[in-house]
Amino acid sequence: MTLIIPVSADPVVPVEAPSRYGRWRRLPGNAKAGVILLGIFILIGVIGPLFTPYDPSYQNPKLSASLRPPSSAHLLGTTQSGQDVFSQLLVGIRLTLELGFIVGAIATILAVLVGVTAAFLGGVWDEILTLTANVFLVIPALPLLIVLLGELPQKGQTALIVVLSVLNWPWGARVIRAQTLAIRNRDFIGAARETGESTWRIIAFEIIPNQVSLIAANFVNTVLYAIGASVALAFIGVINLSSWSLGTMLFWAQSEDALQLGAWWWFVPPGLAVALIGTSLVLINTGIDELGNPRLRDANSASRIAGRRMRPTDPTPVLASLEPRRSPVAAFVHSFSRSSLLEGNDR
Amino acid sequence: MAFILRRLGFYVVAAWVAMTLDFLIPRLMPGNAVADIVSKFPSLQPAAYKALEAMLGVGHPGSLWHQYVSYLYDVFHFNFGTDVTEYPASVSSLIGSTIPWTLTLVGTATVIAFLLGTALGILAGWRNGGWLDRLLPGLMFLQAIPYFFFALILIEVFAVRLHVFPIGQGFSSGVVPGWNMSFIGSAISHSLLPAATIVITSVAGWMLQMRNVMITTIGEDYVLAGQAKGLTDRRVIYTYAARNALLPQLQGFGLALGFVVSGAIVMEIVFSYPGIGLLLVNAVTSDDYPLMQAIFLVITFAVLLANVIVDIVIVFMDPRTRVREVPA
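Protein sequences, first through last, are from chains U and X.
For the first sequence, the working numbering gives the first residue as 1, with consecutive numbering after it.
For the second sequence, the working numbering gives the first residue as 1, with consecutive numbering after it.
Hints are supplied without guarantee of correctness; some may be wrong.
[Claimed, not checked] To spell it out: a stretch of chain U is covered by chain X in this simulated footprint if at least three of its residues, at any positions, have a beta carbon under 8 Å from a beta carbon of chain X; those stretches are:
| id | segment |
| --- | --- |
| 1 | 122 to 129 |
| 2 | 143 to 152 |
| 3 | 236 to 242 |
| 4 | 281 to 287 |
Don't read these hints as lab results, they were simulated from the structure.
Virtual Cβ for every residue (Gly too), placed ideally from N, Cα, C.
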């Protein structure tokens, strides 16, 4: 038995204009989870330092306060020198997030500037900018950062932000340049040029809005990298260790043998915080990818029509069998649909 | 051939940029790295001055250009002079003794992670929606976790609590390095946890990337054509879809090597593994600038060399690189 499915019956696409909430609902699940997780951490970073129960640097001289496991007085226990881990964590999350977002913003702006400039200037300038970007992509970044910071007299947060921003634009510049080249010769750009719009206006109002998702993905990636690099550099001990970030917490935990002393409450919270912030960023990035390329979505989250999983990229179902293994006609039609290819050897 | 030559030209430029950066960094730094180092080691041996001259330009009479030329000459001969902190040893011999450790461990683990991740990615991409997709959130967590933190957790669980693996170092303290069974066995058991760290934290990235490219490739018409011809799934997967999906993956491999090496450096500290990363960090903590700079160069050269190898593999895999005109 076959039946005809009305095409407009697709339940996920609302007919009315998407409200703010509707837009949120249509985000891929990954992105939602990532945004919520990151939001929690941003909240902690913004208001957390106001609620620290102790001064994170205060060293309790009493021996009984040293290396205590989590308790009601110290939610996450204390360090070797009696400092409160929970207070350090609240302050550290702010500093680490702050660094990530500032580096992400600066590096993304640089990437857009270089990428669009290279694509528009063309010729020798394009070659030089592209070559520079590729060279800095291939030189391993962390050893270079270590040498740079190791010899820098000031190694505070500002120096780290400057160095990371300067070294992090090439990846984005490369991608944005390629995309700009692809868009540049489209008809709507030609139309804009014909109407006499200036190059800068075209760049600002035609080119850049058309690669927002690319720029956003680049921003998220840069934040992720900056946080990872800053934590690693602090852990190695090449940057100023007097302020509390997640990396410096891990450095002190490692250098004062938290591991050998079995003080898991000392090194697990900062490491887990870095990992969770990183996960939220990866989730958001996957979500951005899935928005641009719906095929990448986890097929399990796709809607079902007449018992069959349908994805946005599948051909419109004209004939479908209610019985799982189909009638000859339906089987014939089905054999030409792309979904058969993707599901062909499921179980 | 034209492709390889172009790429080689690019790597030469990259190597030159790295060498020039290495030359300029200590000379352009605000403050005086050289004064620092001389005041820190008052009993500096005359021979150690050679290293300082080569890398930092201490007390060198010549102009900047002259220094640059002699610096390049020294680098080309792998003559980095005598080390400042470990006086009689030369910088090159210090580096030389650590390279085999890092190369064996990081090289093997990276190749394993790449192959495993790619294979899993092929499966996950082909059976989109299968059980492998349910692991995706977990994989993203693994991808986001810092290498060294994961290493700490592994040590805590397997070395401190379960006593299955040794806690660190490259080999047990009683064993003398040499080509005998007890040393090799000891080295292997000490390398398992560090290798596991690299494999587990980096496999997710390869897998996710391969899955995504694979899914996009499967949507191509030639894959559909392959199926329509009635080819077996196995043949469609491997010779139609995966072979093409592998090219972006390989290109990514070259670029990702820098990240892998960076992660491995920090990982070595956690395990006190006697590799080049640990040497670099020890050089940083003792302000041994010449050693730091030499290590940076050696690591960069190694990454560039690995990239050359990847490019040669790409030439074998991708016929488009073998024609004269290579699209950019």
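| request: Could you check the structure against the hints above and give me the numbers of any it violates, in ascending order? | output: Violated hint: only 1; rest satisfied.
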